[in-house]
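Trainee: Below are the chains, spelled out letter by letter.
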Amino acid sequence: MTPQLLIFYVLAALAVIGALSLILQKHPIHSALSLIVVMVALAGLYLLMGAEFVAAVQIIVYGGAIMVLFVFVIMLLNAGVEEHTNFSKLAGYLGVPLGLALTAFIAAAIARSTETVQAAPPTLSAQTTQSISHMIFKQFVYPFELTSFLILVAIMGAIVLAQREK
Amino acid sequence: MEFLANFLNGHADLIITLVKIALLVFIVLTVNAYLTWFERKVVAHIQSRWGPHRVGPHGLLQPAADGLKFLFKEDPTPAGVDKFVYYLAPLLALALSLTSLAVIPFGPDPITVFGRKIYLSITPPELNIGLLVLFAITALSVYGVALAGWSSNSKYPLLGGLRSSAQMVSYELALTLSVVGVLLMANSFNLSDIIRAQARHPEWGLVGWNIWPQIVGFFCFFSAAVAETNRVPFDLPEAESELVAGFHTEYASFKFAMFFIAEYTAMITVSCLCTIMFFGGWLSPFPASWHFTHYLPSVILIPFGAWVVWDGLRYETIWGRLVLPVIGGVMALIGLALLGLPGVNEYIQAPFWFLAKVFVFLFVYVWMRGTLPRFRYDQLMSFGWKLLLPVSIVNVIVTSFVILLRSGWK
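Going line by line, the protein sequences match chains A and S. Quick note, the first sequence lines up with residues 1 to 166 if you use my numbering. Quick note, the second sequence lines up with residues 1 to 410 if you use my numbering.
Mixed in with the good hints, there may be bad ones.
[Said to hold, decoys possible] No farther apart than 30 Å at their CA atoms in a straight line, the calculated lysine-lysine pairs in the DSS-like style are these: (1) A:Lys-26 to S:Lys-69; (2) S:Lys-20 to S:Lys-83; (3) S:Lys-73 to A:Lys-89.
[Stated by the list, open to error] Pairwise CB distance ranges, derived in the manner of DEER restraints: (4) S:Gln-379 to A:Leu-100: 33 to 43 Å; (5) S:Ala-44 to A:Leu-152: 15 to 25 Å; (6) A:Ile-132 to S:Lys-386: 53 to 63 Å; (7) S:Phe-72 to A:Leu-100: 53 to 63 Å; (8) S:Trp-204 to A:His-134: 31 to 41 Å; (9) S:Tyr-87 to A:Tyr-142: 32 to 42 Å.
Worth flagging that the hints you see were computed from the coordinates, not collected in a lab. Since the model is a prediction, treat every value here as computed from it, not as a measurement. Every residue gets a Cβ at the ideal spot worked out from N, C-alpha and C, and that includes glycine.
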């Protein structure tokens with residue numbers, strides 16, 4: 001077992017355990033912390049693939065900014081422990097079979113292509129800062145600018161909604 | 001024995017890195033301890049007091065006494081805390097702040113020990129995302145403070161934690177944007193490359209540093225960085241007069257010490273970053289042709305040692321009259337010995353200038369603590385969002401425009 005593979009398994013296990021814990025934890029802060037573990041484990045996986053910039057940005061944006069906002073809102077609302085409700089009929093008749101079907105589908109897809117399932121080789125086009133900036137600011141500059149515009153509109157909408165009286 | 005030799009040869013890089021980590025952590029913790037002494041002394045003298053002077057001559061053993069006190073104090077866990085998060089928060093704060101020092105390069109050239117090149121940083125010098133790693137750690141270090149405030153199940157820590165999350169998220173934007181100018185000029189995220197880019201001409205010395213073209217960026221960066229480390233005048237998360245002690249009110253004993261060490265380590269990291277980004281890192285401020293300045297690191301020790309001897313001989317306690325002259329004498333002797341070893345002199349050039357600049361920034365931190373009042377919360381927010389952020393954006397635009405003009409609109 002090469003060190004890379006070992007690190008991959010450790011990070012993958014961390015990500016899966018974090019994701020499970022995110023759903024199973026009863027307290028919202030604990031769920032948010034589990035999600036941070038998932039984000040950081042994913043950043044480690046990106047680093048393993050040689051995508052340094054993406055890994056760092058994953059931690060800065062997702063692990064840092066976005067999750068801090070989640071934690072901040074949970075703290076501000078002082079959300080308590082989640083209440084357990086009864087299993088809804090919709091979930092029982094529709095959700096569980098569909099979920100099982102999806103799991104079986106993904107498992108089948110993975111099982112059919114055993115030899116290609118491994119940590120991706122470091123030949124991704126989006127590796128370095130330079131190639132990513134070329135992609136964002138040259139190849140996909142219009143989608144990128146449109147997305148920023150969309151986010152700007154969303155921010156303005158939030159401000160308008162929050163500003164109740166003048 | 002043979003097995004040991006094989007193991008050492010096979011895992012040399014791993015072992016060297018582990019030794020470097022242990023050494024760095026040891027040095028940083030010691031520096032932290034004496035930074036508290038330095039801070040108390042300087043602030044005391046600013047306020048016409050003596051500061052610590054009971055434990056050891058000039059209070060020099062005060063950090064050791066403080067450390068012992070932290071270890072042996074009772075460590076109560078308040079009722080109703082979220083145990084896991086309550087214990088996690090100080091660990092997270094300390095671990096992240098110590099990790100951030102791993103990417104700092106303290107010198108350009110590798111030292112050769114037993115035929116192996118050893119670089120003066122824990123991460124390899126070709127790490128291309130050095131600065132991004134630091135920002136990633138900064139982004140995560142909010143959690144230590146925020147979670148400590150939340151998990152304590154007490155109103156003052158919660159308010160402190162909320163304030164700090166809001167403050168750190170707000171100032172992170174300005175912090176990140178203010179260094180874009182430096183990155184544009186250096187064309188790299190690599191900290192060593194950023195320093196090398198500032199050696200524009202061997203004869204320019206300190207004229208070539210980034211501080212001159214990026215002076216606006218520097219002020220934005222330093223203000224935002226001080227806010228990120230929760231220090232005066234941005235120390236609202238732990239404003240004593242309104243929040244008791246802020247986010248760490250419910251922490252005692254060594255858990256409190258962990259927050260304390262984390263804060264001081266963050267100060268050291270920020271000082272290192274200012275040095276690297278704007279003040280030429282390990283570069284000497286003098287032109288390369290002034291060879292005599294190479295002796296400065298060792299020459300400076302001699303008068304300082306002599307002064308310590310002179311001061312020690314007049315010290316009021318017998319203990320001080322015995323110890324201080326010995327320390328001073330050893331310092332002066334080391335200085336003299338270094339003068340006679342030109343090779344060593346060349347080796348300590350880079351680390352000396354780096355650490356000297358870092359020390360100046362640490363002094364500025366303490367100086368600000370002794371002189372500046374604290375911001376009000378709304379002033380803090382409007383300063384961050386309405387002044388720092390726009391100014392750093394304008395700095396990015398102007399810098400990129402100038403670089404574009406100088407490269408001829410290519």
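Trainee: None of the hints should be skipped; say for each whether it holds.
Mentor: Tested hints:
Among the hinted pairs, A:Lys-26 with S:Lys-69 is inconsistent with the structure: their alpha-carbon atoms are about 38 Å apart, more than 30 Å. Straight-line distance between C-alpha atoms of S:Lys-20 and S:Lys-83 comes to about 34 Å, which puts the hinted pair past the 30 Å bound. For the proposed pair S:Lys-73 and A:Lys-89, the alpha carbon gap of about 56 Å is over 30 Å, so the pair is violated. At roughly 57 Å, the beta-carbon separation of S:Gln-379 and A:Leu-100 lies outside the given 33 to 43 Å, and the hint is violated.
For S:Ala-44 paired with A:Leu-152, a C-beta distance near 50 Å fails the hint of 15 to 25 Å. Here the CB-CB span from A:Ile-132 to S:Lys-386 is close to 31 Å, at odds with the stated 53 to 63 Å. A hinted range of 53 to 63 Å for the beta carbons of S:Phe-72 and A:Leu-100 is consistent with their spacing of about 57 Å. For S:Trp-204 paired with A:His-134, a C-beta distance near 33 Å keeps the hint of 31 to 41 Å intact.
At roughly 50 Å, the beta carbons of S:Tyr-87 and A:Tyr-142 sit outside the given window of 32 to 42 Å.
Hints 1, 2, 3, 4, 5, 6, 9, counting from the list given before, are not met by this structure.
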